[in-house]
Every structure is written in structure tokens, then in C-alpha cells.
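Engineer: Based on the provided sequences and hints, a complete structural model is requested.
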Amino acid sequence: MPVSDSITGWFIRNILLPNAEDIRSAGFVLSKFSEGGQTISLREFFFPESFYTIFETKIAKKLGKKGEQSLYSVGKKFGHRYAKLSYFKKSNQLDRKHFEDFMYMFTRYIEVIYAKKLSHKIIHEKKLIELTADSYVGCEKNGLGYLLLIGAWTGGWSFLMDDPHVEGVQTKCQGRGDKECKLICAPESNLKKSGLSVLCESSLDDLQEDYKTYSILNQVYPTVNNNYSLRELIENKIFDYQSGKLFYNKERMVGIEASMYYMVDNGFSKNKITKVILFESAFDSGKAISAGKDILFVQRFLAGIGFGDVQVVSAGKNYEVAFNHFPWTVFSQDCDFTLLSGFTSGMLSGCSNKKIILSKVSKIVGGDGFHVRLA
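Anchor point for the sequence shown: position 253 equals 846 in our numbering, and the numbering is continuous, going up by one each time.
The hints are simulated quantities; they were obtained by calculation from the structure and are not laboratory data. In this text, a Cβ means the ideal position worked out from N, Cα and C, and glycines have one as well. Worth double-checking, as some hints may not be accurate.
When the alpha-carbon atoms are kept at most 16 Å apart in a straight line, the in silico EDC-like pairs for lysine to aspartate or glutamate are as follows [unchecked claim]:
#1 K654 to E873
#2 K720 to D771
#3 K805 to D961
#4 K683 to E693
#5 K947 to E850
Pairwise CB distance ranges, derived in the manner of DEER restraints [what the hints assert, rightly or not]:
#6 I957 to K775: 18 to 28 Å
#7 K683 to S907: 48 to 58 Å
#8 D755 to V791: 11 to 21 Å
#9 I831 to K910: 23 to 33 Å
#10 S907 to E693: 21 to 31 Å
#11 S836 to V813: 35 to 45 Å
Structural biologist: In C-alpha cells, the structure reads:
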């Protein structure tokens, strides 16, 4: 790695991230940064890497290319929406030097939190970016990487190029036996001319956000359930924070803006087959984490990863779980919360040594945020 890259990586790990990632409040993980003269605050959450790898593998195995297309579509829409939420400047709004400086810093930032090494090359005239990655989260484990690598980067690049027909193809993958992962994002027609097989998703118009409501409902509210902040959980060695990356035991925890939760849930809960896969993947991931723990651990873990001021209550042989101040987006109203139900059911099952399924979901928007209840 060049010296300048090492220095930039050090700056991001030790200066930028500690100030940009607000993990001081129980139940809340916020990403704050300045762009265009204004401070932007995005609600985030952490989720096990194993969920993404298990879920993608099951979807691809069950549905084949149709499943891969669905995963790619969700990932691309997320990346496009994230760039829009973050007020990223499009390439046609910046001169070349400022755009390249932005891409350099953004790539270094993603490298610190998602990969061991990440580099990029841009060919402006072709609207092309080529990414080369080592140990990129998710992808190296299952050889797919549609949600966190291929789709997300393609969607972001599509936004920056102001072209919905920009698509992405992964030509090399460590999860498939290659020494590195390589992703090429460029207009669909150019990729096809190169003989590449291309997945396409150009319907990117339904990704708007109600910024005022997003800001109000996702602000930090007072909590009452004696939970700990993620910072406190790190200080108490429940989580391990290593150079920008978060772990629980040996499980990598992936931090991402809350829209990913809703886009995965809404994208796969409307079909009976994929809804079962989504629930079971989340269930297995949650169960593995909580084995041998107690109910209070489950409550504080869920709060720590950013799911609000969580309260777990035993109701006879059953449980009720309240997620006060859960992350909100415009997608919340239509969400079935299959992913949340599966993960929480798995965690409760893991610590109680019996299968517990939370199938009843209620939600409400109040004067103090967005609240979800499972029973």
C-alpha cells in the first residue's frame, strides 16, 4: 500500500471515524459528516456478516439467477439511495480534481470499515470505475456479494454518473477462488460490448426520503431501559473494535445505514418462499450469537447494535420485545419486519434453549420516535 494511502487510512481510523460515528447513546448509532456546508446525520445499525452470507447463499441456491437478480436490485437501489441521502455531488457538478479527491477519500473510508485493502481506477470518458478488493466483507465468504459490494457500489456509481443504466459486474472473486475481488461498473451497453454477462436494474425513481421526518424520528431520544451504548459495550469488552471494524467474538458486525434493513425486508418479505428464507437466515444468525447467554444480554445486544431502546419482557412461556425509537425511513410503513422478527426470535431461542417465534408485529409513530413491538 502506498505511504499516502497508509497515512489516509490512519487518519480515517483514528480521527475521522471516532468523530463521524456517534455511538455514545444507548440504542442509537449515527453517522455524522459535513457535506455542502451542512451537517448530515444518518441512522445506522450493525448486523452480523454471517446473516448476509447465509441469506445470499440460500436465495441464490433456491432461486438461481432470479434470486441473484433480486439481491443485485436491492443492493443497487440501496447504494443509489445512500449516495442521495448523503448529498454526494454528482460528477457533472464537480471539476475532475475535486471528484477524484472525493472518490479517493470515500474509497479509503470504505476500505477501513469493509475491507483489508481496496483500490479503484476511474475512466471518466467511459463512466467506468474498476474496484480491486482484498477481504471485502461478505463477498470473500460466499462468492456472491450482491448486497454489500456489487449492488451497493454499482448504485452509488450510478448516482454519481447520473445514469440509471450504469451496472456492475464482478469479474473476479476471492469467494470463488480468485486472489482478489474485482468489480467493474459502467454503462450496461459498454459492459455487454466487452462480452460480460450483466444484471440490470434501472428503476431508481422510488428511492426518495422525507428528510424532515427522517431527521425528527431518528434523533437521539432519552432511554429508560438501562441499556448500554455501543461505546460502553466496547469499553466493557462485549464487542471488539479493531481499526475501524467491529466484532462480537469472531463474528464480524457490519455497520450500514438503516435503509438496508428495510430494502432487504421489503424486497424479500412479499414472496412466501423468500420470506421464509429471510426469517430462517436471520433466526440462525441470532441464535448463534446468544447461545449460553441470558435475556438481559439479548436486550442489551439489540440496543447496542442500534435497534433503539430495547426491552425484553417474559410473558408466561412467551416473550414480548419493545423496540422504542427503532430506526425509521419512508419504507417503515409497509415493512413486515420479517428480518427483525427472525433475528430476535433466534436470539431468544439461543439463550432459552427452546424454539421461540415472535410472529406478531405492531408499529407506531409517536411524538418521541418510531416504535416496533414483537410478540
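Engineer: Hint by hint, note whether the structure agrees.
Structural biologist: Results for each hint:
| no. | hint | in the structure |
| --- | --- | --- |
| 1 | K654 to E873 | 15 Å, holds |
| 2 | K720 to D771 | 26 Å, violated |
| 3 | K805 to D961 | 14 Å, holds |
| 4 | K683 to E693 | 11 Å, holds |
| 5 | K947 to E850 | 32 Å, violated |
| 6 | I957 to K775: 18 to 28 Å | 46 Å, violated |
| 7 | K683 to S907: 48 to 58 Å | 52 Å, holds |
| 8 | D755 to V791: 11 to 21 Å | 19 Å, holds |
| 9 | I831 to K910: 23 to 33 Å | 28 Å, holds |
| 10 | S907 to E693: 21 to 31 Å | 56 Å, violated |
| 11 | S836 to V813: 35 to 45 Å | 26 Å, violated |
Hint compliance for this structure: hints 2, 5, 6, 10 and 11 are not met, and every other hint is.
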